[in-house]
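K.L.:
All chains, please: the whole structure from these sequences, using the hints.
2 protein chains.
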Amino acid sequence: MSSEPLLEQLIDSLRCLPGVGPKSAQRMALHLLERDRDGGKTLSAVLAESMERIGRCRECRNLTEDETCSICANEQRDRDQLCIVESPSDVIAIEHATGFRGRYFVLMGRLSPLDGIGPEELGLEQLAEQLGQRPPQEMIIATNPTVEGEATAFYLQRMAQKHGISVSRIAHGVPLGGELEFTDQSTIAHAFSSRLAI
Amino acid sequence: MSSEPLLEQLIDSLRCLPGVGPKSAQRMALHLLERDRDGGKTLSAVLAESMERIGRCRECRNLTEDETCSICANEQRDRDQLCIVESPSDVIAIEHATGFRGRYFVLMGRLSPLDGIGPEELGLEQLAEQLGQRPPQEMIIATNPTVEGEATAFYLQRMAQKHGISVSRIAHGVPLGGELEFTDQSTIAHAFSSRLAI
Numbered sequence: 031m032s033s034e035p036l037l038e039q040l041i042d043s044l045r046c047l048p049g050v051g052p053k054s055a056q057r058m059a060l061h062l063l064e065r066d067r068d069g070g071k072t073l074s075a076v077l078a079e080s081m082e083r084i085g086r087c088r089e090c091r092n093l094t095e096d097e098t099c100s101i102c103a104n105e106q107r108d109r110d111q112l113c114i115v116e117s118p119s120d121v122i123a124i125e126h127a128t129g130f131r132g133r134y135f136v137l138m139g140r141l142s143p144l145d146g147i148g149p150e151e152l153g154l155e156q157l158a159e160q161l162g163q164r165p166p167q168e169m170i171i172a173t174n175p176t177v178e179g180e181a182t183a184f185y186l187q188r189m190a191q192k193h194g195i196s197v198s199r200i201a202h203g204v205p206l207g208g209e210l211e212f213t214d215q216s217t218i219a220h221a222f223s224s225r226l227a228i
Numbered sequence: 031m032s033s034e035p036l037l038e039q040l041i042d043s044l045r046c047l048p049g050v051g052p053k054s055a056q057r058m059a060l061h062l063l064e065r066d067r068d069g070g071k072t073l074s075a076v077l078a079e080s081m082e083r084i085g086r087c088r089e090c091r092n093l094t095e096d097e098t099c100s101i102c103a104n105e106q107r108d109r110d111q112l113c114i115v116e117s118p119s120d121v122i123a124i125e126h127a128t129g130f131r132g133r134y135f136v137l138m139g140r141l142s143p144l145d146g147i148g149p150e151e152l153g154l155e156q157l158a159e160q161l162g163q164r165p166p167q168e169m170i171i172a173t174n175p176t177v178e179g180e181a182t183a184f185y186l187q188r189m190a191q192k193h194g195i196s197v198s199r200i201a202h203g204v205p206l207g208g209e210l211e212f213t214d215q216s217t218i219a220h221a222f223s224s225r226l227a228i
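Chains as they are written, first to last, in the numbering used here: chain A, 31 to 228; chain B, 31 to 228.
Be careful, since some hints might not be right.
To be verified - The following label-pair restraints were derived from C-beta to C-beta distances:
1. Gln191(A) x Lys53(B): 33 to 39 Å
2. His220(A) x Gly207(B): 41 to 47 Å
3. Pro143(A) x Gly207(B): 44 to 50 Å
What the hints assert, rightly or not - With a cut-off of at most 30 Å between alpha-carbon atoms, the simulated DSSO-like pairs for lysine-lysine come out as follows:
4. Lys53(B) x Lys53(A)
5. Lys71(B) x Lys53(A)
6. Lys53(B) x Lys71(A)
Said to hold, decoys possible - One-sided and incomplete, this derived list gives chain B residues near chain A with beta-carbon spacing under 10 Å:
7. Leu44
8. Cys46
9. Arg57
10. Ala59
11. Ile84
12. Glu150
Please keep in mind that the hints were generated in silico from the structure rather than gathered at the bench. Note that the structure is a prediction, hence the values are computed from the model and not measured. Yeah, the Cβ is synthetic: ideal placement off N, Cα and C, and Gly gets one too.
P.N.:
Structural data, given as structure tokens:
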């Protein structure tokens with residue numbers, strides 16, 4: 031450790047958090063020191079353990095401190111449905127919002143050849159192996175509706191078809207509670223062309 | 031530690047930081063895990079040390095890990111000017127913005143009898159002792175221009191006068207770069223009545 035005062039070191043290190051600038055870092059440091067030392071101690075301990083022990087699940091590549099994550103280790107979860115997402119936060123979002131009881135595969139990114147992210151970086155070989163050994167009935171593609179996300183979805187679709195697995199893609203359109211007036215043009219265009227008979 | 035997955039524990043503990051809700055905590059946790067494990071480890075170490083070791087300076091009550099803070103320990107700092115502030119962040123702000131070479135006294139609050147904060151909680155007895163033993167020539171009152179801050183300033187002014195110390199208060203008015211049109215009424219009224227001859 032340097033000889034800078036500890037308080038300044040603390041403010042500096044808090045800036046490694048995303049969205050935290052000098053002013054917020056200072057506010058956080060003083061808040062912990064003046065009002066919540068216990069919270070700060072707990073955070074420090076959990077943080078140290080997390081940075082040390084959290085790795086990737088052997089099966090789905092999600093973040094976990096065990097060899098396989100709690101979802102993959104849960105025998106109750108349906109092996110016939112496999113949902114492919116870009117990141118661990120997508121798993122959290124789907125788990126919170128839906129009653130999905132199948133399994134996941136976490137790409138930890140999306141195909142982006144210009145950034146050097148190809149099928150290998152996304153663990154697609156591992157996925158192909160899993161699809162070959164124990165194919166699910168349905169692959170649900172939940173990558174984001176961006177250019178790279180769509181390219182990744184297309185690639186995944188081809189993989190699934192090669193193994194004779196039926197593929198679905200989560201719906202994109204006007205969000206519930208949204209208003210047409212305030213929805214962006216491309217979403218409206220997509221929603222319009224993907225209209226469903228009722 | 032509980033048997034919750036470490037990732038969830040990490041997200042939970044990040045919420046002890048002020049202004050961090052569930053979404054930001056999740057974003058912070060994933061950012062550290064996916065992109066900045068070294069930053070996370072450093073933060074954890076500095077945090078543990080800070081929560082354990084940072085206390086108050088014996089002389090000025092500011093936060094420090096030593097017996098006396100770096101400002102009080104610095105013999106170059108002028109003993110003839112004493113600036114009274116409400117909190118450690120005020121010391122940081124004044125140190126950054128001005129060339130002040132005197133010393134500080136940090137109240138760690140402001141007089142607020144309704145909240146049970148009286149002279150004792152603000153260390154004013156300790157201050158009175160210091161003023162008696164080694165009176166500075168000037169006391170600069172830099173409490174905030176709120177109702178409680180003004181009451182505190184008035185109390186401090188009386189203390190200084192009792193010891194025959196001259197008192198000043200930092201100026202309040204329209205901020206530099208501000209425009210009258212967008213300045214609140216009470217600031218304009220104060221600036222108007224405190225006008226200086228030029």
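K.L.:
Each of the hints needs a verdict: does it hold here or not?
P.N.:
For each hint, the structure was consulted:
no.: 1; hint: Gln191(A) x Lys53(B): 33 to 39 Å; result: 36 Å, holds
no.: 2; hint: His220(A) x Gly207(B): 41 to 47 Å; result: 45 Å, holds
no.: 3; hint: Pro143(A) x Gly207(B): 44 to 50 Å; result: 47 Å, holds
no.: 4; hint: Lys53(B) x Lys53(A); result: 20 Å, holds
no.: 5; hint: Lys71(B) x Lys53(A); result: 22 Å, holds
no.: 6; hint: Lys53(B) x Lys71(A); result: 22 Å, holds
no.: 7; hint: Leu44; result: 7 Å, holds
no.: 8; hint: Cys46; result: 3 Å, holds
no.: 9; hint: Arg57; result: 6 Å, holds
no.: 10; hint: Ala59; result: 7 Å, holds
no.: 11; hint: Ile84; result: 6 Å, holds
no.: 12; hint: Glu150; result: 18 Å, violated
When the structure is compared with the earlier hints, a violation turns up for hint 12 alone.
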